[in-house]
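Mind docking chain S on chain A? Use the hints.
Number of protein chains: 2
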Amino acid sequence: MTIYIAVDLGGTHIRAASFRPTETEPLKHQKIKTRSKDEGIFERILHLIEDVIPENETLAAIGIAAPGPLNPRTGVILNTPNIPAWENFPVVEKLNAHFNIPVFLGNDANLAALGEWRYGAGQGHDHLLYLTISTGVGGGVISDGHLLEGRDGLGAELGHVTILADGPTCGCGHKGHLEALSSGTAIAKYVREKLKDEKTVSSLRSSASRSAKAIAKAARAGDPLALSAYQRAGKYLGIGIASFLHIFNPSIVILGGGVSQSEDLLYESFRESLQKEIFGPAYLENLSITTAALGDDAGLLGALALVEQKI
Amino acid sequence: MTIYIAVDLGGTHIRAASFRPTETEPLKHQKIKTRSKDEGIFERILHLIEDVIPENETLAAIGIAAPGPLNPRTGVILNTPNIPAWENFPVVEKLNAHFNIPVFLGNDANLAALGEWRYGAGQGHDHLLYLTISTGVGGGVISDGHLLEGRDGLGAELGHVTILADGPTCGCGHKGHLEALSSGTAIAKYVREKLKDEKTVSSLRSSASRSAKAIAKAARAGDPLALSAYQRAGKYLGIGIASFLHIFNPSIVILGGGVSQSEDLLYESFRESLQKEIFGPAYLENLSITTAALGDDAGLLGALALVEQKI
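Chains as they are written, first to last, in the numbering used here: chain A, 1 to 311; chain S, 1 to 311.
Chain A extracted, bound-state conformation:
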């Protein structure tokens, strides 16, 4: 019988799994570390794929989720922070040459949106907005049943939308992006900046870690600086999502990523700011706002959804 392979090129792990058509339970599933001193990364990915092909099965197609920027139309990864050696790397052509089957490539956040739409929290919603909030902020949009990609597949970069012109600097070097205000990195940076002021009172001053996770822990213990850092991120998230509702008018908003798991800390300021910033009540009527259902499998199942859509 035929099977599909899905591959997720993550920051810490590269994961691959084999699936029967129309099924989402993997036949075989493996992961390797992204960084390694062993042979080249592409050869390691080839072995990983070969390892998850069950015996006596015919490989019919491969789907790959990778962090952008990449061009899904040409199958080229322009550059990816996770694999510095890959610059303008034609991953689709390379895998196609090796396996001689169709290979499809997509931006991981876009594919996570596709995965949530097909198999996760967004089933039945043809107008869907997906945001993943962790170290960075990534986005994916389903508009009228179509994945929004743009001409070269560079669209839906919702973390890199300016919501506070001349505001704090983003990981990408530009100012005032949503990612620079609501990501885990932004939360940690805000705390770091505030602690430079000697007068700021916070348990985080003596804390070994000042990661977004450590800040969440301090916030839950009542630390005012930690609480305000999450409130601020929630406020700007509300402003950003209000704008995205005005642009896409979806029926569901799905929030994924580590920071969105600190819902309890973000929720109040997020809701308040969304209510305040919305252009009209119709945008919020019958709108679901929910957390992602696929967790760590979002990229993998997104790559599978891409294959199912293309084949």
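The hints are simulated quantities; they were obtained by calculation from the structure and are not laboratory data.
You may find that some hints are simply not true.
To be verified - A few chain A residues that face chain S, going by a derived Cβ cut-off under 8 Å, partial list only: (1) L148; (2) H174; (3) A282.
No residue lacks a Cβ here, since even glycine has one placed at the ideal position from N, Cα and C.
Below, chain S alone, put in the same frame as chain A:
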């Protein structure tokens, strides 16, 4: 033979025209003032439509462009600043009951995008961004050959996207929207604010009009305040369009509306800010940035394009 009717409900005029299928040259074309002391507005529109139906022709469908918010799926205009009497007005049902033919409704800026795509500056571009900059800022998006509307047709409100959180107040009452920074209204408001400072030197202080048009005239005569008002609008327009490129990754940006006719005053600061704010050079490669081709006919031809698409 069969004909189509297109209607554009504008702020000052309501226009209607009849067309043969696949043709864009109207058979008959008329306009009336939007505001009048005569009989009800709906009756006046009925007469206008009847007036542009040529003799011995069969009316096959009607398309209507109206300012939002409106729901193209239900055919209801929620409310429109141009016709205060219409609140939750089921214009499609009403016209359908009278003429007994299919009637289609769309947001005027969305339909202008559709018109530019089908008949104007955007022909051949399946990823298109349209912005009209006049009193307000309206938007329309073609994504992969589909008009972006959202679940209830409330999408593509690109003027009501926050780009400067807690910034100047928009016509809609919210803060820091693109419309509050780059529209004609925003330009005039900025000048008004600056003139409150007695020390501001400007020829506009003694000018009878301080409209965006009068400010453009002063800028062309070298007035520093007028020049800075347009430069500021151009800067924020660049920031907004950079974000829209990150979201939609189009192959063309079309600028319409009165303010975009002051290209000479906006262009330099707009280009500079767009170059500065863009996430990566790929977004600007092979990107056309151009002015709208349909002028005053954008709404009418957009309504025609809607009919052609639906029939």
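Have a go at the L148 (chain A) hint: is there a Cβ in chain S nearer than 8 Å to its own Cβ? holds (6 Å)
Mind checking the CB of A282 (chain A) against every CB in chain S and telling me if the closest is under 8 Å? Interface hint status for A282 (chain A): holds (6 Å vs cutoff 8 Å).
Any CB of chain S closer than 8 Å to the CB of H174 (chain A)? Hint holds; H174 (chain A) Cβ to chain S Cβ min 6 Å, cut 8 Å.
Violated hints are absent here; each numbered hint is respected by the structure.
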